[in-house]
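Given chain C's structure and the hints, the job is docking chain D onto it.
There are 2 protein chains.
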Amino acid sequence: MAKSRRQFLAASAGAAALTSCGKPGGAPAAAAPEASPAANMRPYGERSPLEKPLRAIRDLSASSGTGSSRTPLGDLFPGWITPSSLHFERHHAGVPALDPATHTLLVHGLVETPLVFTIDDIRRFPAVSRICFLECGGNNIGDQRGVPTPDVQQSHGLVSGAEWTGVPLRVLLQESGVKPEAKWVIAEGADNCRLARSIPMEKVMSDALLVYGQNGEALRPEQGYPLRLILPGFEGNMNVKWLRRLNVLDQPAMSSKETAYYTELRRDGKAEMFTFVMEARSVITRPSGGQKLKPGFHEIVGLAWSGRGKIEKVEVSLNGGQTWAVATLREPVLSQALTAFRLPWIWDGQETVIQCRCTDETGYLQPTREELVAVRGLNSGYHYNAIKPWKVHANGEVTHVSIPA
Amino acid sequence: MAKSRRQFLAASAGAAALTSCGKPGGAPAAAAPEASPAANMRPYGERSPLEKPLRAIRDLSASSGTGSSRTPLGDLFPGWITPSSLHFERHHAGVPALDPATHTLLVHGLVETPLVFTIDDIRRFPAVSRICFLECGGNNIGDQRGVPTPDVQQSHGLVSGAEWTGVPLRVLLQESGVKPEAKWVIAEGADNCRLARSIPMEKVMSDALLVYGQNGEALRPEQGYPLRLILPGFEGNMNVKWLRRLNVLDQPAMSSKETAYYTELRRDGKAEMFTFVMEARSVITRPSGGQKLKPGFHEIVGLAWSGRGKIEKVEVSLNGGQTWAVATLREPVLSQALTAFRLPWIWDGQETVIQCRCTDETGYLQPTREELVAVRGLNSGYHYNAIKPWKVHANGEVTHVSIPA
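The listed protein sequences correspond, in order, to chains C and D. Following our numbering, the numbering of the first sequence begins with 12 at its first residue and continues without gaps. Following our numbering, the numbering of the second sequence begins with 12 at its first residue and continues without gaps.
Hints should not be assumed to be uniformly reliable.
It does not matter which identical chain is meant; a pair holds if it fits inside one copy or across any two.
[What the hints assert, rightly or not] Within a straight-line C-alpha distance of at most 25 Å, the following computed SDA-like cross-link-like pairs (lysine to any residue) qualify:
#1 Lys305 - Pro137
#2 Lys402 - Pro137
#3 Lys303 - Thr339
#4 Lys324 - Val344
#5 Lys194 - Ala207
#6 Lys194 - Met216
#7 Lys63 - Pro137
#8 Lys305 - Ile130
#9 Lys402 - Gly360
#10 Lys324 - Ser346
The hints are simulated quantities; they were obtained by calculation from the structure and are not laboratory data.
This is chain C alone, in the form it adopts within the complex (with noise of 0.2 Å):
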């Protein structure tokens, strides 16, 4: 994507040119920012006070620890990783305060022996890492109901990405010997409503992941420390938080968190449960809602991710779909990682409505609002990946497209 100088220049457009020109090993007097006092070295550092992105929170019940937190996509610079301190969370009963010094971790049922593991047992097996996604099923469900969402935050905050580092949970499994009637997995957390997901054995003995790190260092308490799964590419809700119990089943357990919630319901009335992978999707996050535009160069920036595997293509369409554009996206492409695209834009000023669209590794193209209804109905709920148009007005101001209901 070369790009000309004098589009360039139209970045800089704030840039102020010198007229006085410094000789070379003299900067011109007025131009020199002046240098500020020192401060002290941390031993855990902060970020500086200026900075002001937060977390939003939804607090659906105190006394229960219900609810959720976003990740300020709108704000961040897209990459990989999402800075531990702003990965999304979706509790369902709060975050228990877990010591990895005595918590344990059971894993019984269909096994040969049931063991009991410390966490320092756990971090003796050898381990990987890996950068992915996770996503919570309900991500975008506003959009699915029609309620304008006004910002990317409250739109799709509920996606964030992080190198996990841990033990691949077959090897846990295999150490208690599985026995050959076992299908399913039960995971259990610790939190106040024993939270429980039923995983398929598939899942388990390929490329589960049982986590104790998170960018370097242990995992941050609302992500589930010391103890969580990580399920690539499997919706959030399954990569059960401050686990401690692994029921190997043959059947899966009909948990609440899978029936009674994240399913999705059809048009016929019935509900499909089991919906696992998180399809793909991708979102601009800048220019997004709330933000504002001057006439111009922009970067069109965003983010794809698709539970299937590598995204292979984002387009933008500029232009209210008429046309659509082949994005830069940020190599390597990790499979079922967040992944940013780029693509230059120089705004003319007019009313426009701005969108993107990703394909991923399999072929799967991410589905318009009308194609994604048409199947699945108005009331599906989780599992909405629709594509996420913009519209941005002559004044610059962005915001969300409404919905025909």
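Structure of chain D alone, referenced to chain C:
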């Protein structure tokens, strides 16, 4: 590296086998940990108060703000990313408190149009993200001098990894119009010593980055907030923090930090200047100095990196250098990035010396201390990248191997 179940059982020797196996759907009551009370959600998260790894601070002069802080490599999970709060620091005149709303970058000297850029100007340019290591030229200088370093934080803690986001430096130079006679760019920081380094134009026009983002959010104050250079593979000191000025010259500035400091004294008494690239090195982070082992299964883990490109191979010796085994590298291997390696080991409880050595994609093999000293002598100081052995004593203690002076 397939492992037998027998080996893993050694790793989980501490895991308690349950004699009373729970029936499917119900855990043995005695083994079920209790859930803890819920905590409130936080807009900006913090790590668990039970987590203790801290940077080790060496305050060379509190009044002038000169000193360093070292990453606790032995306590972290080796991967591409060091937590921003634990990224190493090396300051020469404190941490200036700069405001991105007022801080500017001046580009002047041998350019057609001197320009002053605000942070907003710079953020409007097309951006790139990349993961790379950053390492102080003086990392492991203690070993060079024969001073014992008790642990890997003290020996190698002046290296870290991050995902950086910003603008190719060449773009800003092209905006100003570089004159044909330009050969060097003097980068100057806004710290109280106005730390300045001369960057060869070839690096400026290839992969040098002007960055404002670190691991998805703004740079941390200690990392140059709001603007710094990242010169992948070049010694840390050249990656100027709190960048305020780029002066384009036809010769290097011969600043104090490239003449009085950050040069290597040769055996003939003359000093090597402008030794930019950090050559390949590797170190075992676990087991490492200060840790204590029990006999049985352990995974040898560590980091390798090269300023010249990708790590091609890491070899580990567990018997004082008699034989070497090839470790598994974390995939994909990224150029000029921290590369984690792993090798399983069953320690028999006998005293031994463990060490690693790496080869990068140019074919360069990390030298022994003897090989390095034969070429550079004992006074070179910076860029000491020799193999680092750790001694495992029969009682399980791991210590520094003393070096003949």
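Looking back at the hints listed earlier, which ones does the structure fail to meet? Nothing - there is no hint that the structure violates, so all of them hold.
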